[in-house]
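Q: Going line by line, the protein sequences match chains A and B. First residue of the first sequence? That's 8 in the numbering used here, and the numbers climb one at a time after it. First residue of the second sequence? That's 86 in the numbering used here, and the numbers climb one at a time after it.
It should be emphasised that the hints constitute simulated quantities derived from the structure, not laboratory data. Among these hints, one or two may not hold up.
What the hints assert, rightly or not - Here's a subset of chain B near chain A, in silico, CB distances under 8 Å, partners left out:
(1) Gln87
(2) Glu103
(3) Gln117
(4) Leu125
(5) Ala129
(6) Ser133
(7) Thr135
(8) Thr136
(9) Ser183
(10) Thr186
(11) Gly190
Claimed, not checked - Calculated from the model, a selection of chain A residues having no Cβ within reach of chain B, i.e. all distances over 10 Å:
(12) Tyr15
(13) Leu45
(14) Glu54
(15) Gly74
(16) Ala197
(17) Glu260
(18) Gly261
(19) Ser271
All residues carry an ideal CB built from backbone N, CA and C; glycine is no exception.
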Amino acid sequence: MNPSSFAYERASSVAEAISLLEQHGDGAKLIAGGHSLLPIMKLRLAEPERLIDIGRIAELQGVRVEGNELAVGALTTHHQVATDPAVQSASPLLADTASRVGDRQVRNRGTIGGALAHAYAVADYPAAILALEATLVARGPQGQRQIPAREFFVDFLTTALTPHEILTEIRIAALAAGQGWSYQKLANQASGYAIVGVAAIVILDANGACAEVRIGVTGTAAVAWRADAAEAALRGKALDADAIAAAARLVTEGIAPLDDLHGSAAYRLRVTEGLTRRAILEATERARARG
Amino acid sequence: MQYLREDLTLTGAHVGCETSQCGACTVLMDGQAVKSCTILAVQADGASVTTIEGLAPIGMLHPIQQAFWDEHGVQCGFCTPGMVLSTAALLADDADPSEATIRHGLEGNICRCTGYHNIVLAVQAAGKAIAAGAAPELVLNRDAALAR
Chain A
8 MNPSSFAYER
18 ASSVAEAISL
28 LEQHGDGAKL
38 IAGGHSLLPI
48 MKLRLAEPER
58 LIDIGRIAEL
68 QGVRVEGNEL
78 AVGALTTHHQ
88 VATDPAVQSA
98 SPLLADTASR
108 VGDRQVRNRG
118 TIGGALAHAY
128 AVADYPAAIL
138 ALEATLVARG
148 PQGQRQIPAR
158 EFFVDFLTTA
168 LTPHEILTEI
178 RIAALAAGQG
188 WSYQKLANQA
198 SGYAIVGVAA
208 IVILDANGAC
218 AEVRIGVTGT
228 AAVAWRADAA
238 EAALRGKALD
248 ADAIAAAARL
258 VTEGIAPLDD
268 LHGSAAYRLR
278 VTEGLTRRAI
288 LEATERARAR
298 G
Chain B
86 MQYLREDLTL
96 TGAHVGCETS
106 QCGACTVLMD
116 GQAVKSCTIL
126 AVQADGASVT
136 TIEGLAPIGM
146 LHPIQQAFWD
156 EHGVQCGFCT
166 PGMVLSTAAL
176 LADDADPSEA
186 TIRHGLEGNI
196 CRCTGYHNIV
206 LAVQAAGKAI
216 AAGAAPELVL
226 NRDAALAR
């Protein structure tokens with residue numbers, strides 16, 4: 008099906024895009040790679056009156072390293088995130104997650120900023136962004152602000168961005184010695200979306216026990232979350248298989264799972280627990296290997 | 086996709102799912118495999134777009150097309166243009182891909198006949214043919230091609 012008719016305008020700077028958003032109000036939507044927006048427009052789940060194309064704004068593109076921090080421009084494609092040497096070395100979790108988004112063609116066009124701003128329940132990035140405690144940088148009429156990952160994902164298809172704000176950059180601290188990572192995913196075979204996706208960062212203390220574990224989960228519920236109870240259960244503990252399995256049982260505490268043709272609620276809960284166990288185990292092994 | 090098919094009458098990019106899942110509409114945009122169903126024509130303004138029609142001169146088969154023919158990497162043919170163009174992008178990155186690399190690289194192309202086995206063989210054969218210097222070959226007609 009073709010989308011309903013719409014006006015199209017290309018913005019050449021973030022400032023211009025913000026002023027177009029202010030000018031056109033609720034009927035306007037930003038488009039970049041289009042791989043979140045165009046499919047739902049074709050299904051007529053979204054019928055914006057006007058698209059503001061930010062896809063060619065140079066200041067939103069590419070990856071920078073600033074000291075110990077990685078700054079990924081919102082327009083960086085999944086393929087670029089996955090293959091950029093700076094991302095691979097400073098944040099292998101982000102690079103690995105990007106390499107598993109959708110498929111090759113989707114990764115060539117879709118952007119990290121678009122995927123995050125769309126906040127689809129079964130998107131891959133939210134798990135990694137939460138586990139990495141990334142900072143999301145947004146610019147709007149009132150200037151720039153930084154949104155912690157925990158506050159960014161509000162509800163199904165809903166983020167902390169206000170209607171006239173643009174996500175410009177994702178900032179991530181580089182992985183340090185004694186830290187390990189993992190992303191475990193059960194993918195939908197057609198779309199590649201995460202029916203369940205679990206990202207984990209494990210940080211070892213001087214004795215090799217768990218100083219901190221950070222777990223982000225996507226796909227299972229309407230909105231991605233940090234598994235606080237599971238994380239607390241491992242803090243200060245030896246990371247053996249029993250302790251990890253016990254913590255994984257807490258991962259879905261207080262969560263209302265999705266229940267649809269891609270996976271029943273019970274199935275999603277079961278898979279989430281299993282993938283959490285695997286993610287913590289793999290992240291622990293990697294943390295030990297990194298000393 | 087609509088612009089390619091209806092305005093330019095290049096109907097090699099097929100209409101499948103229309104929501105960037107099946108890959109039947111795959112084309113090359115500035116050398117990268119993309120799904121034309123999920124790109125506005127205006128977004129492609131200034132880019133170089135290659136559809137299956139432009140992979141080899143009229144009347145000729147590109148070595149990838151020849152390999153799909155030789156290895157019977159085609160059943161109903163609906164997914165084939167997308168498969169061939171994804172293969173072109175895949176082989177540009179890795180001229181001698183492993184089976185795992187091929188299957189991962191073609192994840193975005195769904196074959197409803199599930200003929201993946203021969204498609205993998207075709208990609209491997211195409212890689213070898215291109216590495217050996219194969220160029221597009223003239224196909225006069227089906228009988229002449231079969232006789233070779």
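Q: Hints first: check each against the structure and report whether it holds.
A: Status of the hints after comparison with the structure:
no.	hint	result
1	Gln87	holds (7 Å)
2	Glu103	holds (5 Å)
3	Gln117	holds (5 Å)
4	Leu125	holds (7 Å)
5	Ala129	violated (11 Å)
6	Ser133	violated (14 Å)
7	Thr135	violated (14 Å)
8	Thr136	violated (14 Å)
9	Ser183	violated (16 Å)
10	Thr186	violated (11 Å)
11	Gly190	holds (6 Å)
12	Tyr15	violated (6 Å)
13	Leu45	violated (5 Å)
14	Glu54	holds (15 Å)
15	Gly74	holds (32 Å)
16	Ala197	violated (5 Å)
17	Glu260	holds (33 Å)
18	Gly261	holds (33 Å)
19	Ser271	holds (22 Å)
Against the hints set out earlier in the document, violations occur for numbers 5, 6, 7, 8, 9, 10, 12, 13 and 16.
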